[in-house]
Amino acid sequence: KAGVTQTPRYLIKTRGQQVTLSCSPISGHRSVSWYQQTPGQGLQFLFEYFSETQRNKGNFPGRFSGRQFSNSRSEMNVSTLELGDSALYLCASRPAPGGSYEQYFGPGTRLTVT
Amino acid sequence: QKEVEQDPGPLSVPEGAIVSLNCTYSNSAFQYFMWYRQYSRKGPELLMYTYSSGNKEDGRFTAQVDKSSKYISLFIRDSQPSDSATYLCAMSGRAGGTSYGKLTFGQGTILTVHP
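Quick mapping for you: the protein sequence lines, in order, are chains A and B.
15 is the number that the numbering used here gives to position 12 of the first sequence; each next residue is one higher, with no gaps.
1277 is the number that the numbering used here gives to position 32 of the second sequence; each next residue is one higher, with no gaps.
Quick caveat, the hints were computed from the structure, so don't treat them as lab data.
Some hints here could point you the wrong way.
[Said to hold, decoys possible] These stretches of chain A come out as covered by chain B in the derived footprint (C-beta under 8 Å, 3 or more residues):
id, region
1, 35 to 46
2, 105 to 116
[As the list claims (entries may be wrong)] Simulated DEER-style distance windows between Cβ atoms:
id, chain 1, residue 1, chain 2, residue 2, range
3, A, 54, B, 1312, 26 to 36 Å
4, B, 1290, A, 13, 12 to 22 Å
5, B, 1246, A, 58, 21 to 31 Å
6, A, 58, B, 1290, 20 to 30 Å
[As the list claims (entries may be wrong)] In silico lysine-lysine, DSBU-like type, Cα no more than 30 Å apart, as pairs:
id, chain 1, residue 1, chain 2, residue 2
7, A, 60, B, 1287
8, B, 1315, B, 1301
9, A, 16, B, 1312
10, A, 60, B, 1315
11, B, 1247, B, 1315
Glycine is no exception: its CB is placed at the ideal position from the N, C-alpha and C atoms.
Work out the full structure: start from the sequences and follow the hints.
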């Protein structure tokens, strides 16, 4: 079974621009979560989606948003990029809320903001 | 104070050693506990997961949870150079709670196993 896939793998953007990252969960998994990983703050939860609805949200500004499609694929968007948004953005999937609780991560998208 | 505390190391051990990695937590709502391994420039890979207090063994890895002390451990027996990576503990709350589905991570411990 294929794992979680994320595209693109690397991205360089300029301050003020916006970016969209994509995630395809493991086949059969219906819940998708997003995390930001930086050397200073470690891995931090952004949000979780299930059935095209945001179920949980971390402490990030409104510039960070996401959505989920009917096929469980998910995208996250960051608007008005800041230098501090440079990070590894990780997507994780699990079967569904209320079921298995362990999450499986993709390889991440490394975003560099200049 | 962070909800999950993990000694960042770095930890350097000889091949064949027993490695002990630990995390403490403050949020009593955490019910599910996981250990992830992350190689450089890769996504975290799930190693072990457990729900209840006690031990869980999988090959060379043993996960231990003590909810009364809010303390979890990962033991690696007969460590190999290929075990060199960052090890992250992660936790989430019970189904129906606000933290369910949201993993809270420790800072990660950098482990090097030298031949």
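Here's how the hints hold up against the structure:
Evaluation of the coverage hint for the region 35 to 46 of chain A: fulfilled, as 4 residues show C-beta separations to chain B shorter than 8 Å, against a requirement of three. Judged by the Cβ-Cβ criterion of 8 Å, the region 105 to 116 of chain A is covered by chain B as claimed, because 8 of its residues qualify and three suffice. Separated by about 31 Å at the C-beta atoms, residue 54 (chain A) and residue 1312 (chain B) satisfy the suggested range of 26 to 36 Å. The hinted range of 12 to 22 Å is satisfied by residue 1290 (chain B) and residue 13 (chain A), whose Cβ atoms lie roughly 20 Å apart.
Here the CB-CB span from residue 1246 (chain B) to residue 58 (chain A) is close to 27 Å, well matched to the stated 21 to 31 Å. A beta carbon spacing of about 24 Å between residue 58 (chain A) and residue 1290 (chain B) agrees with the range 20 to 30 Å that was offered as a hint. Of the pairs offered as hints, the one joining residue 60 (chain A) and residue 1287 (chain B) holds, with about 24 Å between alpha carbons and a cut-off of 30 Å not exceeded. As the CA atoms of residue 1315 (chain B) and residue 1301 (chain B) are separated by approximately 17 Å, the hinted pair is consistent with the 30 Å bound.
Between residue 16 (chain A) and residue 1312 (chain B) the CA atoms are separated by roughly 44 Å; this puts the pair beyond 30 Å, and the hint is violated. Proposed proximity of residue 60 (chain A) and residue 1315 (chain B) is supported: the alpha carbons are some 25 Å apart, at most 30 Å. Straight-line distance between C-alpha atoms of residue 1247 (chain B) and residue 1315 (chain B) comes to about 13 Å, which keeps the hinted pair within the 30 Å bound.
Hint 9 alone, counting from the list given before, is not met by this structure.
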